[in-house]
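Protein chains in written order, with my numbering: chain R, 63 to 414; chain C, 10 to 81.
Heads up, some of the hints might be wrong.
Claimed, not checked - Covered stretches of chain C (chain R as the covering partner; in silico rule of three or more C-beta atoms under 8 angstroms from a C-beta of chain R):
#1 47-58
#2 73-80
Said to hold, decoys possible - Label-pair ranges, simulated between beta-carbon atoms:
#3 I317(R) - E77(C): 28 to 34 angstroms
#4 G374(R) - N21(C): 57 to 63 angstroms
#5 G278(R) - R59(C): 24 to 30 angstroms
#6 Q282(R) - N37(C): 25 to 31 angstroms
Since the hints were derived computationally from the structure, they do not count as laboratory data. These figures come from a predicted structure and were not determined experimentally. We put the beta carbon where it would ideally sit given N, CA and C, even for glycine.
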Amino acid sequence: MLLKSYPFKISIVAGVVSNQSVSVEEYCRGYASEKKIARTIRETGFKKLSIVKPGITTADMCFQAVRAMLDNYDIDKNSIGALIFVSQTPDYIAPSTAFVLQKKLGLSHDIVAFDVNLGCPGFVYGLYLGGIILSSLAENKKVLLCCGDVSSHYFVNSTVFAARAISADGAACVLLDRDSEGNGNIFFNIDSYGDKFHSLYVPNGGMKSPRTTVDGVLDQNNPDNFSMMDGLEVLNFTLDEVPKNIETLISFLKIKKEDIDVCLFHQPNHQLIKALQENLGMSKDKVIFNSQNIGNASSASIPLLLTEAGDGWKSYKSKNVLISGFGMGMAVASVVLNLDSTVCMNTMKYVP
Amino acid sequence: MNEHDFIEQLVNLMDTEEDISMDSSLENIEEWDSLSYVSFLAMCTKHLGRRVEPQKVREAKTVRDLYEIVNE
């Protein structure tokens, strides 16, 4: 579905990965044959993974990202009119972790704060919500969008090699401002496929069915306690629905593929990024894969592409940046944004 | 593509050391996994100049079934 948002810009991006960067080869030893591990690394492109120590949460990493951003760019805390926290791995069942972050950051009571339970498509959903909310706030107010997941310990089944070799922990935040430079309205294309929710979901832990424990600790041997994936179904979805969604958006915007300066896609793995690039007929140099030392960091993977570019982002032509998040839901969310004036901080390591 | 060339390409794609014939069951080839699946779809796109229905690949049971998709 095509959606309109009033003009906004991403002013600053900050991202945090774990201070533990583990080599996939070592981390996966014993979970598959050496040959299979080597082949998987070659195809996924992930050499190292950002894995937090158990107990470190998405909000902990978001907090560091936001603090660095506020301090470095001298941003008035009172100018933040909304805090959106997009994550599948909140601190508590309730309330929204956005309130926890509000408290830790010392943000004013004059704020709209809430969580959004979304994974890989979540960053783009967050931009859409941020854009809509921004237009309802006073003119000098900003929206703080936080996102990410810590999946490696309590979310994906790390005993399953295919999940272990790619899942990573990461968080990011972006500051959204009204765009007064006359770039015009922004259009999103968001498609949701609830009919496929079983393809990728966590059966236990909600009100339908609690997580099971053994002697008071989470039962690692019950696969229902972790995300279950119908791999081929998810691949089919990605290869079919993502290009369709993007092509609809591009043709609505009346631009050509050659007009796209750069593509920031969610980073499930290198092989899928390459397949998407080929299916879309997009030129190779425009589709970035730059998560080889992070892994698949869920909703943080797109903003982490910007912080991995860091200072170097300035050298990219970035008037028409195609951004697309896809996965858990299932859902695909895409947008074309002008990121010419976006300041990208360099990726930070988590400081315990 | 003839059968011999196809098997050679498939063996390269899966990076397998097993003996593969047209009648090999995909279920029994350890390397026929999601990585090979995506590589195979890409190979089809390259060879045919168009995308094939992933569902057809998913339904394939033997190497011959895959061969038929490439040669349709």
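Structure-based check of all given hints:
1. 47-58: holds (count 5)
2. 73-80: violated (count 0)
3. I317(R) - E77(C): 28 to 34 angstroms: violated, 39 angstroms
4. G374(R) - N21(C): 57 to 63 angstroms: violated, 36 angstroms
5. G278(R) - R59(C): 24 to 30 angstroms: violated, 56 angstroms
6. Q282(R) - N37(C): 25 to 31 angstroms: Between Q282(R) and N37(C), where Cβ atoms are some 30 angstroms apart, the hint holds.
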